[in-house]
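There are 2 protein chains.
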Amino acid sequence: MASVSAAAAAASTDSATVSSDACAKIIDGKLVAKQIREEIAVEIAKMKDGIGVVPGLAVILVGSRKDSQTYVRNKKKSCEAVGIKSYEVNLPEDSSEDEVLKHIATFNSDPSVHGILVQLPLPHHMNDENILNAVSIEKDVDGFHPLNIGRLAMQGRDPFFVPCTPKGCMELLHRYGVEIKGKRAVVIGRSNIVGMPAALLLQKANATVSIVHSNTKKPEEITRQADIVIAAVGVANLVRGSWIKPGAAIIDVGINPVDDPESPRGYRLVGDVCYEEASKIAGLITPVPGGVGPMTIAMLLSNTLESAKRIHKFK
Amino acid sequence: MASVSAAAAAASTDSATVSSDACAKIIDGKLVAKQIREEIAVEIAKMKDGIGVVPGLAVILVGSRKDSQTYVRNKKKSCEAVGIKSYEVNLPEDSSEDEVLKHIATFNSDPSVHGILVQLPLPHHMNDENILNAVSIEKDVDGFHPLNIGRLAMQGRDPFFVPCTPKGCMELLHRYGVEIKGKRAVVIGRSNIVGMPAALLLQKANATVSIVHSNTKKPEEITRQADIVIAAVGVANLVRGSWIKPGAAIIDVGINPVDDPESPRGYRLVGDVCYEEASKIAGLITPVPGGVGPMTIAMLLSNTLESAKRIHKFK
Numbered sequence: 001m002a003s004v005s006a007a008a009a010a011a012s013t014d015s016a017t018v019s020s021d022a023c024a025k026i027i028d029g030k031l032v033a034k035q036i037r038e039e040i041a042v043e044i045a046k047m048k049d050g051i052g053v054v055p056g057l058a059v060i061l062v063g064s065r066k067d068s069q070t071y072v073r074n075k076k077k078s079c080e081a082v083g084i085k086s087y088e089v090n091l092p093e094d095s096s097e098d099e100v101l102k103h104i105a106t107f108n109s110d111p112s113v114h115g116i117l118v119q120l121p122l123p124h125h126m127n128d129e130n131i132l133n134a135v136s137i138e139k140d141v142d143g144f145h146p147l148n149i150g151r152l153a154m155q156g157r158d159p160f161f162v163p164c165t166p167k168g169c170m171e172l173l174h175r176y177g178v179e180i181k182g183k184r185a186v187v188i189g190r191s192n193i194v195g196m197p198a199a200l201l202l203q204k205a206n207a208t209v210s211i212v213h214s215n216t217k218k219p220e221e222i223t224r225q226a227d228i229v230i231a232a233v234g235v236a237n238l239v240r241g242s243w244i245k246p247g248a249a250i251i252d253v254g255i256n257p258v259d260d261p262e263s264p265r266g267y268r269l270v271g272d273v274c275y276e277e278a279s280k281i282a283g284l285i286t287p288v289p290g291g292v293g294p295m296t297i298a299m300l301l302s303n304t305l306e307s308a309k310r311i312h313k314f315k
Numbered sequence: 001m002a003s004v005s006a007a008a009a010a011a012s013t014d015s016a017t018v019s020s021d022a023c024a025k026i027i028d029g030k031l032v033a034k035q036i037r038e039e040i041a042v043e044i045a046k047m048k049d050g051i052g053v054v055p056g057l058a059v060i061l062v063g064s065r066k067d068s069q070t071y072v073r074n075k076k077k078s079c080e081a082v083g084i085k086s087y088e089v090n091l092p093e094d095s096s097e098d099e100v101l102k103h104i105a106t107f108n109s110d111p112s113v114h115g116i117l118v119q120l121p122l123p124h125h126m127n128d129e130n131i132l133n134a135v136s137i138e139k140d141v142d143g144f145h146p147l148n149i150g151r152l153a154m155q156g157r158d159p160f161f162v163p164c165t166p167k168g169c170m171e172l173l174h175r176y177g178v179e180i181k182g183k184r185a186v187v188i189g190r191s192n193i194v195g196m197p198a199a200l201l202l203q204k205a206n207a208t209v210s211i212v213h214s215n216t217k218k219p220e221e222i223t224r225q226a227d228i229v230i231a232a233v234g235v236a237n238l239v240r241g242s243w244i245k246p247g248a249a250i251i252d253v254g255i256n257p258v259d260d261p262e263s264p265r266g267y268r269l270v271g272d273v274c275y276e277e278a279s280k281i282a283g284l285i286t287p288v289p290g291g292v293g294p295m296t297i298a299m300l301l302s303n304t305l306e307s308a309k310r311i312h313k314f315k
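Just so you know, the sequences run in chain order W and E. Note that the first sequence covers residues 1 to 315 in UniProt numbering. Note that the second sequence covers residues 1 to 315 in UniProt numbering.
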């Protein structure tokens, strides 16, 4: 996708308003995500005009977790806004694995569905691995299938889909013109859904990548060598200003609630990076919220469009 | 597998004979590989006694490259020595992809075959990816299938097979008692068959891993931070003594011919690591030849045994 000078311009204006002595440019994920959604809407309109097809995304939700319901509702709304048709299955908490698998099979063979998403976490009595592996590799818009991860890791191979959150991190780096090739990158955290695929993506883009995790000794030393840091570990304010190389690009995936009696809700959300400190040292930084967060759904829409284009050979 | 004090003891004796001022303990891959082959032979004898089954390894060779023929002959000999039954198909250089695929399909459904290996490189008119992907994931003893690589990369998943050469590197570290958890590791090279899976294995063993490659600036700086170095880049003597942290464990996968008028063949084999320099600084080091080399076939035998045990549920 193209780089976006508007985003960068808006960001540099914003940065002055957030903290008077901050020197880092703010990476405005909300703005970038909005631009991407607009680009997707244009592409979908063209596709509809050209071949009479719109992308379809199926979401399977099991149980009635409030947070999952909110996510699914947001996904549905975002789909509608860009012209993706959404399909939804809501199953009770005590459904059997077989019932979920049956719905996956139906969506796998439905030609109007181009992406299938099983909302996590699943109830404890279900085997995540069995269920996620049942999603057709061509419709695995989450990119969590081990075959996709393997292709992501390998040179000369490409995954069908790149997992949404790490894809969003890369997109932010690209749109803000951050050079990756030959740069030192540190990924903090090695989860299957963010840290590990983010490291593979940076590696594929020819960065020299190190992964920092709970067993890493002196994580600050290695992080301080990095031109690019992606923090995805889920520990509030873990990465302090002293961990940051001056001028580095910081992508903060963490969204951690911390007590805040001054907030009406009694808490506020902070990242894995101590923003107050890091923003004085970094060259670019994502805020929390408003950084990586809005990118995840935008990338899900992008993966769904990509899938429909591939299946219908539409360029 | 168990650690081997005999190997370590033998190695420390050897180290004195190789270079008078070398301080590194030599990792004797030849000796370790021999011990592993003996352990495998014992296990196979037990299996044969217990359930009347021996592991079977099928090798498909296309064309008449001298080096490939030598490899295949060595594999066959090694199989026979431990009690693995070997199956071989030799196809002419101008065979079609379909012929190769037909043989793979036959071996996939043959219950006496537990491992299938397609000797690389294949002739240029064939698509490696198509052919390698046709090997049943349960019999992919090379561990090159992207599904295996994906499972290797993911937490909470395990591959059916670990690629032989990187598995051999890890086995050498284990058998020489090198602690991996919490250590800094640098892998030089990121090939699909050695560097990348070696990095994933070190990462799974809780090292803090960095991958150095052709785009890495100042590779010596990051390498010098490593307690463990795996060099697999194919450049003779790339890693100099000054790149090595004192006391580090060095696993040299490279086997590079360099001109040597004093050798009867006119050349000799050297690794990616300048042995003369590195052995004075490292704590442990593999020689070339006689380090990682002999481990690859031993690990292939190990993978074939493992596969037969899994398929026949033999513990």
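Among these hints, one or two may not hold up.
Repeated chains share a single entry, so a pair holds when one copy, or any two copies, can fit it.
Claimed, not checked - The list that follows gives simulated cross-link-like pairs (lysine to aspartate or glutamate, EDC-like), each with its CA atoms no further than 16 Å apart:
(1) 217 to 227
(2) 217 to 179
(3) 315 to 97
(4) 46 to 276
No lab work stands behind these hints, which were simulated from the structure alone. These figures come from a predicted structure and were not determined experimentally.
Outcome of the hint check:
1. Proximity of residue 217 to residue 227 under the C-alpha cut-off of 16 Å is restricted to the inter-copy arrangement: shortest distance 12 Å between copies versus 20 Å within a copy.
2. For the homomeric pair residue 217 and residue 179, the shortest alpha-carbon distance between copies (14 Å) is at most 16 Å, but the shortest distance inside one copy (28 Å) is not.
3. In this assembly of identical chains, residue 315 and residue 97 lie within 16 Å of each other by CA distance neither inside one copy nor across copies; the values are 37 Å within and 30 Å between.
4. For the homomeric pair residue 46 and residue 276, neither the shortest alpha-carbon distance inside one copy (44 Å) nor that between copies (64 Å) is at most 16 Å.
Checked against the numbered hints above, the structure violates hints 3 and 4; every other hint is satisfied.
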